[in-house]
Every structure is written in structure tokens, then in C-alpha cells.
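Asks: Sequence:
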Amino acid sequence: MNKSLIESMDINIGLIGLGYVGTGVFNLIQHQKEYISKKIGKDLKIVAVAEKNIGAKKDYLKKYKDIKFTENAYELINDENIDIIVELIGGLDPAYEFIISSLKNGKYVVTANKDLMAVRGGNIFEEAEKNNVDILFEASVGGGIPIIGPLKTSLACNNITKIVGIVNGTTNFILTKMKDASLSFEKALKMAQDLGYAEANPASDIEGKDSANKLAILASIAFNSRVHYDDVYREGIGKITSFDIQYADEIGYAIKLLAIGSEENGRINVRVHPSLIPKSHILASIKDTYNAVYFYGNYVGEIMSFGKGAGDKPTASSVVGDIISIARNYDRNHKKKIFGCTCFTSKPIMPFIQTTNKFYMLIDVIDKPGVLAKIAKVFGDYQVSNQSMIQKQIETCDNARLIFITHNTINENLNKSLQKIKKLDVVSEVLNIIRVEDLEKPN
130 MNKSLIESMD INIGLIGLGY VGTGVFNLIQ HQKEYISKKI GKDLKIVAVA
180 EKNIGAKKDY LKKYKDIKFT ENAYELINDE NIDIIVELIG GLDPAYEFII
230 SSLKNGKYVV TANKDLMAVR GGNIFEEAEK NNVDILFEAS VGGGIPIIGP
280 LKTSLACNNI TKIVGIVNGT TNFILTKMKD ASLSFEKALK MAQDLGYAEA
330 NPASDIEGKD SANKLAILAS IAFNSRVHYD DVYREGIGKI TSFDIQYADE
380 IGYAIKLLAI GSEENGRINV RVHPSLIPKS HILASIKDTY NAVYFYGNYV
430 GEIMSFGKGA GDKPTASSVV GDIISIARNY DRNHKKKIFG CTCFTSKPIM
480 PFIQTTNKFY MLIDVIDKPG VLAKIAKVFG DYQVSNQSMI QKQIETCDNA
530 RLIFITHNTI NENLNKSLQK IKKLDVVSEV LNIIRVEDLE KPN
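To convert, note that position 363 of the sequence shown is 492 in the working numbering; the numbers rise steadily by one, no gaps.
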């Protein structure tokens, strides 16, 4: 049996992954070791590191001779002297096997793995419950921004009815530069890649996959029901043009990629898509790579978390924060759960075609009498009511550009109406459809 904390105040940590975030966590613990010890009365001690390309970390091997470095993660997972496993390799496999094996061995786990928690979180929580240990994952959403912890603790007494967030810094940077620097989507993306804000293959960010993973995690906690990545409706920003940015600005809106979750009549509505939001709303002011998540609670009211959503230092801060949360309550002779899973109900997911939205529509038409009447008839046939319409002349041809903003409309009805409108002889092209979120306080 391991010696008790009365004899040793060390919390022994095994770190799996010494990449971008893993290096940030390693350095933070080494640099802040004494400061953390004074705060919590226990010493955080990295005793072993697993890294598949350990040969590339020669500087660490030379400097930290008292730490075990290995390419075999199971040497850490099966080490009885290690209390906490920190998984920072990302992806689904082998991260899933590493985490499950660690939990089975009675170890607490900390991860920043949003992909894994959004897809296989249910199985992971079940394994943690079986072994009376915890997995903490604050850094999986929002980098250094405290979001998950407050949802589980200080906001737990609230009925959270809605979440609205900008949770991907890459897409927010691109949309910011399209607006502020009048760049095309392609040029803004290239700038993001040149600055290291976007991957060479940016699909996960651009297509909304990253945001959908984060929303699945947040919605699961906020609405006390397991939400899977596949439950989240998703659209990316690849179709947003400079025209959309310009026209939205002219009518008082900004365009943001939003992650939106709500609970309505016992059903959960989760979606990620570009949205027009009022320029007067605080989320419209979130620029560049910053993230922000807006919550609506029945007692706390409206509250927003804001900060850097990525980067080695902000993410490391959240990871080490989770380690400290475990360390404060840890007794290796009496394992107990600290937070546990809050997904204790099973609520149905609302089919997206049944949800309602206001819509922005950009349609190029032949500029001649009777065009509006034909389009209006189709909208009327499918119960689509328009709030406003603006006509723009196109200088290079005889077409006109129509900008519609609808009233709240069922998604299915709008889709059916557009299929008809696209076939009208007076319509040249339906250029874009973007949802409009007025971000009013839920009832």
C-alpha cells in the first residue's frame, strides 16, 4: 500500500504527451511549484513523462534527471506510486485506452481532450464512477477560461436555459479580419495560418467541428443530459463572403460563428452555425482569437466568461487548475469522487428541421417588374414571413440583389420555400442563407 499523505504531501503526476500543451503544463508546474505548494499545502511532483518521440526532448532528459521519461504510457498507468494521470496527446485513440486503463487502476485523470470527451465521454464517466475516481477536463473548452468548473459548482443551483458562445478562436479571427481589414475569406484564412492560428488543414475549425465538440461538452453539463457530438447541427463559415459582412454591418449586425445550446420543453436544441447578431450585443465585440461563452440562469441571470480560448499557457493554466482541484481533496488511502458526472438524465434532442430561427437571405434576381410578387408568393405558401427587405443594384449586370430578414420561421419551411425559389425564372442565384440571433433573454 502507498504511504499516506500524512507521511508524504507529494501528489505524484504522470504526464502523457509532451507536445505543445504538454510542454506548457510541464513548465508551469516546474516554474510555479513552490507557489502552488504554499497555496494548497501539497507538492505537485511530475514523476514520469510518456512521449512517443522522447528522443526529440533531449533538453528535458538532460535537465530533469529525477523524472522518468519513457515512450510507453502504460509504465505510468500501471505505476502504483502515480496518483494523477494527465492525458495531453489528443485524438480518440490511443487516448481513450490510456484514460480508461488509468481509471480502472484507480487513478484520477485530467485531460484537455475535447474530441474524446464529446464522443466517448459517457463511457469514460461510467468507468470513473465504477472506480470512485474522477476525470476533470476544464481545458477541453475555452483554453484558459473557467467555464466547466463554474457550471458544476457556483452555477449548479441555476436552471441554465441557454448557452451562446464563440468557442473557436480561428474562425473568430477570420471573421474579425474580414470585417475590420476588409479581407476575403481566403485571405483572412491565409493570415490566420501564417500567424499560427489555423492549421495547414483548417477543416475542423472552419467547418465547425471544433465548436460542435465543445458545445456537446458544455450542453451535457448545463442541461444534465448526455449530448454527443453527432447530436449537434453544424455549419461552418466557408460560405461567408465580404458581401455578407458588409450587408450585415449596414443593417446593424455582426457575423459570428456561434455555438448555441438550449433546453426547450424538455428537449435539447444544440447547433453550431454562422449567425448575424446585433452589433449592440457584447458578443459582437469579441474579436480576433478571443472566446466568450454567455449563459442564461434563472437566478444568476445573464453571465459571460471571456478570455483566450487557446495557447499553451492559457490551456496549461486550466489543466493545472484541475490537478490542483484533485490535489486539494486527495487522500490516496480513501479515494472519493470530487465532482462526478452531472449528466444524470436522458433528454431527447430536438430535430433541427423543427427548430425556428430568423434568417438573412441574399438572393440575386433579374431586375424587372413582378419579381418580388413571385418570391413573396412562395414565401407565403410555406408560411415564411419577412421582417424587412433591401434591394441593391448590381453595377456589372442587369440583376438586383435582394437582402431579406425573416421573422421566426421553422427551418423545414424555409428550406422547402428556397427549393421553390431557386427554380423561379426570375431568380439568378440564392447566394447565402445565414441565421439571425437577436440573443434575447429566454422566457
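Check before you lean on any hint, since a few could be wrong.
[Claimed, not checked] Here are the simulated distance ranges between beta carbons:
id, residue 1, residue 2, range
1, 457, 379, 25 to 33 Å
2, 182, 561, 31 to 39 Å
3, 433, 163, 57 to 65 Å
4, 203, 485, 49 to 57 Å
5, 311, 407, 40 to 48 Å
6, 286, 315, 46 to 54 Å
7, 188, 569, 33 to 41 Å
8, 286, 203, 24 to 32 Å
9, 499, 251, 34 to 42 Å
[Said to hold, decoys possible] Dumping the calculated SDA-like pairs for lysine to any residue here, alpha-carbon to alpha-carbon at most 25 Å:
id, residue 1, residue 2
10, 181, 219
11, 174, 204
12, 259, 273
13, 259, 204
14, 167, 181
15, 171, 187
16, 497, 393
Calculated directly from the structure, the hints in this document are not laboratory data. Keep in mind that this is a model prediction, so the values were computed, not measured. All C-beta atoms, glycine included, are put in the ideal place defined by N, C-alpha and C.
Asks: Now look at each hint and say whether the structure bears it out.
Replies: Hint-by-hint comparison with the structure:
no.	hint	verdict
1	457 x 379: 25 to 33 Å	violated (53 Å)
2	182 x 561: 31 to 39 Å	violated (44 Å)
3	433 x 163: 57 to 65 Å	violated (34 Å)
4	203 x 485: 49 to 57 Å	holds (51 Å)
5	311 x 407: 40 to 48 Å	violated (21 Å)
6	286 x 315: 46 to 54 Å	holds (47 Å)
7	188 x 569: 33 to 41 Å	violated (54 Å)
8	286 x 203: 24 to 32 Å	violated (41 Å)
9	499 x 251: 34 to 42 Å	violated (56 Å)
10	181 x 219	holds (13 Å)
11	174 x 204	holds (17 Å)
12	259 x 273	violated (30 Å)
13	259 x 204	holds (23 Å)
14	167 x 181	violated (34 Å)
15	171 x 187	violated (29 Å)
16	497 x 393	violated (44 Å)
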